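Participant: Chain residues, written in single-letter form:
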Amino acid sequence: MPAILTIEDLRKTYAGGFEALKGVTLDIRQGEILALLGPNGAGKTTLISTVCGITTASSGSVSVAGHDIVTGYRAARSLIGLVPQDIALEPFERVANTVRFSRGLFGRPRNDAHIEDVLRKLSLWDKRNAPTKELSGGMKRRVLIAKALAHEPRILFLDEPTAGVDVELRKDMWNIVRELQADGVTIILTTHYIEEAEAIADRVGIIDGGQLLLVEEKDRLMRRMGRKQIELQLSEPIGEVPAGLARHKLELARDGCALVYTYDSQAERTGITTLLNDMAASGLVLRDVRTRQSSLEEIFVGLVSGDAR
Amino acid sequence: MNLTAIAAIYRYEMSRFFRTLLQSFLSPVLSTSLYFVVFGAAIGSRIDQVEGVSYGAFIVPGLVMLSVITQSLTNAAFGIYFPKFIGTVFELLSAPVSFLEIVIGYVGAAATKALFIGAMIFVTASLFVDFPVKHPLAMVAFLMLTCLSFALLGFIIGIWAGNFEQLQLVPLLIVTPLVFLGGSFYSITMLPPIWQKITLFNPVVYLISGFRWSFFGTADVPVGLSLLAIGAFTGICLTAIWWIFRTGWRLRS
Ligand SMILES: Nc1ncnc2c1ncn2[C@@H]1O[C@H](COP(=O)(O)OP(=O)(O)OP(=O)(O)O)[C@@H](O)[C@H]1O
Ligand SMILES: [Mg+2]
Chain A
146 MPAILTIEDL RKTYAGGFEA LKGVTLDIRQ GEILALLGPN GAGKTTLIST VCGITTASSG
206 SVSVAGHDIV TGYRAARSLI GLVPQDIALE PFERVANTVR FSRGLFGRPR NDAHIEDVLR
266 KLSLWDKRNA PTKELSGGMK RRVLIAKALA HEPRILFLDE PTAGVDVELR KDMWNIVREL
326 QADGVTIILT THYIEEAEAI ADRVGIIDGG QLLLVEEKDR LMRRMGRKQI ELQLSEPIGE
386 VPAGLARHKL ELARDGCALV YTYDSQAERT GITTLLNDMA ASGLVLRDVR TRQSSLEEIF
446 VGLVSGDAR
Chain B
6 MNLTAIAAIY RYEMSRFFRT LLQSFLSPVL STSLYFVVFG AAIGSRIDQV EGVSYGAFIV
66 PGLVMLSVIT QSLTNAAFGI YFPKFIGTVF ELLSAPVSFL EIVIGYVGAA ATKALFIGAM
126 IFVTASLFVD FPVKHPLAMV AFLMLTCLSF ALLGFIIGIW AGNFEQLQLV PLLIVTPLVF
186 LGGSFYSITM LPPIWQKITL FNPVVYLISG FRWSFFGTAD VPVGLSLLAI GAFTGICLTA
246 IWWIFRTGWR LRS
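Order-wise, the sequence lines are chains A and B.
The first sequence runs 146 to 454 under my numbering.
The second sequence runs 6 to 258 under my numbering.
Treat the hints loosely; a few may be bogus.
Stated by the list, open to error - Not everything, but these chain A residues come out facing chain B in the computed CB check (under 7 Å):
(1) G198
(2) S223
(3) L224
(4) A233
(5) F246
(6) L250
(7) G252
(8) L397
(9) A398
These are calculated hints, taken from the structure and not from any lab test.
Since this is a predicted model, take the numbers as computed values, not measurements.
Ideal Cβ placement from N, Cα and C applies to all residues, glycine included.
Chain A with its partners taken away, still in its complex shape:
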């Protein structure tokens, strides 16, 4: 798939001298959902702000569907919608009015049918005449999404869209994101919830200290980095790992009722067959077998704590 957003060696040093982006290069493909993960202060918001024109880059370039964000800022920004991390709304303004304003600001002619459509999709239609200060936090977040969608952008940035949002609303949010993707919108979201990236992203990027540590297909990432474990549950508890199984580096678990074998699912030989043969030879009786794959979270923690650097 072609890239709709191209970021090249993007650097940002803030006025105080702090280097928040240390040369980020990234291609975002048309129609994908990319999740950016990274600890607090990693540079996620700075990256988004720079692409959207809220801060200026110190060096490097960004182009949106072929339009440079500096020289072709009008064309570039028209394609982008942004939902910021911090909720900022005029307290006395009414919902429909502020959404209509956003559309006008982006130079699109008035289109009440589209505004209605967006408000309905986000379950805000009932609240269209309410001043924003009368809305709950989750509703305010959706108003921001509505504002970002008012001008029919092709690329949507969601900076921590589900921070402080309850489980049900988070699922709603994921559905909205999937629907938008079905409409052909490219989505870049940042999150601290790994299960969120696991649930909806096509690709995952991991940022730390202003650098992009990796970008990869979510499935491949999980397969590549994923270590698997087999838990072999025994019918009788044992005191220690039998000598005949020593070479498999098993761990004793569940008070001696289970043995845990950790292996790399991508390796040439996983060692499972010999393990099972050795088990039979040592006379142990199996009651049950369970496998477990490491989550993105474990991959993530492993990466930012320095394993991959």
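Given the coordinates of chain A, work out where chain B with the ligands should sit on it, guided by the hints.
Facilitator: Then chain B with the ligands, alone, in the frame of chain A:
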């Protein structure tokens, strides 16, 4: 030029004004009435005439200017400061609009509001005293130029201000004294000679003098000079705006 965006900003700002229509109009009307009670009736009854017109009529142009200057200034300053303060400025910065378009939207709305209020005071004043308008076109032109230039200044203050104190500092410490000492309530020929000289450094003197000329046909300083002064002032503000635009000063980090 993104005309749709300019219109959107303008309409949005005006809707804020109309939402608070009553208090937008009530306070200038009330203060004008008070000025007339105090200056027109109480003090004015002891001053027969200034430059051939009754004192009550003489202060009308100054009163209109006083309100128009403070209104355009504070409206424009608040208009751009508010989004910065509550964070909604991100939307302006990420929109496909140029700085010029932002300026036109905000400054245009602030100037329009001030013009409304100026007209309101004009009408209120006409209920208290009779006064002529000898050059109506010039009057409207002076009024509009004043609204525009002080809205530009207000916009600059709004961008510069880092907190509410600073936002109020310039209007309070600089503009209000200049306006009060600018001959709103007296003719500068009434001052001792040395103060007549000093007062010529006050740009507001030229505005009020020119504006008063459009009412009564008489002025403290030549009308051409008044026009020149307001033109120069507008020019300075536009240059400052252009510089902010070039450098992104205080808007984009
Ligand atoms: N306006 C600014 N001036 C100076 N430094 C800044 C500014 N904004 C952000 N920073 C710094 O840049 C770094 C990256 O911040 P950024 O907001 O991009 O992080 P983030 O990945 O979005 O974090 P979080 O998950 O907490 O939102 C931080 O160290 C932060 O202190
Ligand atoms: Mg952030």
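Participant: It remains to establish, for every hint, whether it holds in the given structure.
Facilitator: Structure-based check of each hint:
no.	hint	result
1	G198	holds, 5 Å
2	S223	holds, 5 Å
3	L224	violated, 9 Å
4	A233	holds, 3 Å
5	F246	holds, 5 Å
6	L250	holds, 5 Å
7	G252	holds, 5 Å
8	L397	violated, 55 Å
9	A398	violated, 50 Å
Taken one by one, the earlier hints fail for this structure at numbers 3, 8, 9, listed in ascending order.
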